[in-house]
Structure formats: C-alpha cells, structure tokens
Amino acid sequence: MKASRKWIFQRFSALIAAPIIIWFLISLISLSTGDYNAVVNFFSKPLFSFLTIILLITGFFHAKIGLGEIFEDYIQDEKIKNFSNLLTLLLSIIIPSITIILLLYKF
Amino acid sequence: MNDSKNPLSPHLQIYRWQVSSLVSITHRITGILNLLGLIFICIWISSAGISQNLFEFYSIFLKSFVGKFILIGFTWSMSYHLLSGVRHFFWDLGYGYEIKTANLSGIIVILGSFVLTIIFWMIGRGLI
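Taken in sequence, the protein lines are chains A and B. In terms of numbering that gives the first Met the number 0, the first sequence has 1 at position 2, counting the first letter as 1, and numbering is strictly consecutive. In terms of numbering that gives the first Met the number 0, the second sequence has 117 at position 118, counting the first letter as 1, and numbering is strictly consecutive.
No wet-lab data here; the hints were simulated from the structure. Small disclaimer: the values here were computed from a predicted structure and weren't measured. The reader is advised that the hints may include incorrect statements.
Partial selection, computed: residues in chain B whose CB lies under 8 Å from chain A [said to hold, decoys possible]:
(1) G30
(2) L34
(3) Q51
(4) F54
(5) E55
(6) L61
(7) M77
(8) G84
(9) W120
(10) I122
Computed cross-link-like contacts, DSSO-like style, restricted to lysine-lysine with a CA-CA straight-line distance of at most 30 Å [as the list claims (entries may be wrong)]:
(11) K80(A) / K5(A)
(12) K5(A) / K63(A)
(13) K80(A) / K63(A)
(14) K44(A) / K67(B)
(15) K63(A) / K67(B)
(16) K62(B) / K44(A)
(17) K67(B) / K105(A)
(18) K62(B) / K105(A)
(19) K105(A) / K44(A)
(20) K63(A) / K78(A)
(21) K78(A) / K5(A)
We treat Cβ as the ideally placed atom computed from N, Cα and C, and that holds for glycine.
Same shape as in the complex, but just chain A (with noise of 0.2 Å):
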C-alpha cells in the first residue's frame, strides 16, 4: 500500500473508531459485573451488534496499520519485517472475523 494511501486510511479508521469504543468501553466495564444472560441480550441487539462488528473491523485495520508503520521502524531485516508484515496480517482477518460471524450468528 502507498504510504499517503495507509496515512488517509489510518486516520478515517480512527475517525470511526473512536466514538463506538467509547460506547463500547463504558458498556465492557458495565458489563463486566453482569452474567451471561446481559451479555447474550446486550450483543442480541441488533444496533450494539453492527456497532460491534464495526468497531472490530476498524479495529484490527488500524492496528494492522499501526503496527506495519512500527515495524518500518524498528525491523531491520527485510525478510523478518515482511513475515511480521504477514502474520499480523493473517491474525487481523482471522481474529475478528471468527468474532464476527459468531455475533451474526450465535446471539
């Protein structure tokens, strides 16, 4: 990806980001003392649950992002730099999307 490409792309991630984890936080640390059942019923919803999915999408993108521009900094070694570059790419798909499909799913 061209560098002024990953820039506008990390800041609009950010911009959407931003205001659903602060709804997001609030609700974890809400949640954190309910059961299974405010859990289940909270990601039910379908408005908190697109939310959700969007926030993780966003998420990993900017992460994915993030972490490549740190790697530019700190790897020296091109091979051990583009396998970094790989896996974090790999676990940015995966992860969220196991999560995902479960919230589409599962609640």
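Start from chain A and add chain B according to the hints.
Positioned in the frame of chain A, the structure of chain B alone reads:
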C-alpha cells in the same frame, strides 16, 4: 516510494527523554496494548457465542484481581491513545507545532488519560 531504501529511525536508547518523545513512544505502546485488548474482547464475545460454560470460565478470570487490573489497564491504554490521537489530528490540521504548545498538549494527554479512565469507570458503574 520504495520502502526498502528507507533509513531506520534512531532507536530509543539514544534519546534524551523529553515530553515529546515520552508521549510519542507511549502512543505506540498503548497502540499495541489496545490490539491485545481487542483480542481479549474477541475472545470474550466468542466465548459467550460458543457456550455458557466457556463464558462463565472466562468470567471468573475477568472478575478476579488480575482480570480487573487488565480491564482498568485497557481502559487507560485506550483513553491515552484516544487523547494522543486527538493531538495528532490537531497536528494534521496544522495546529500545535510550537514547542511550548506541543509540550503542554503532551502533558494534557498524560494527565487527561487518567481522568478519562476514571470518567469511563464512573459512567460504566453508574456513578455518574
């Protein structure tokens, strides 16, 4: 731009610590912590989606001392990254480059992250 010919950034050990460098490196560290937090959230949601037993097992951990410490730490890390991110947006818009302003905004980010953490917890626990 050919990334492979870029020079590496100077490594951290040779920096004299200042507000600007402290805020900058903490932005990166909290970014990594936030990613770990997102993974924790994914495991939490997934466990509830898979089975109640798995969720209860994970819940016991979350309600323990270590679990609470992680949740508070994650809230702080997110608060910090959010505020530091706002500071970056001001720079992107062309404001706050003077050394005095940058140092002041850096201090606001550090102190504000703790205030924001407390506010999130008070709202989350229904105290506000």
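Item to check | Violations among the numbered hints, reported as their numbers in ascending order | outcome: Nothing - there is no hint that the structure violates, so all of them hold.
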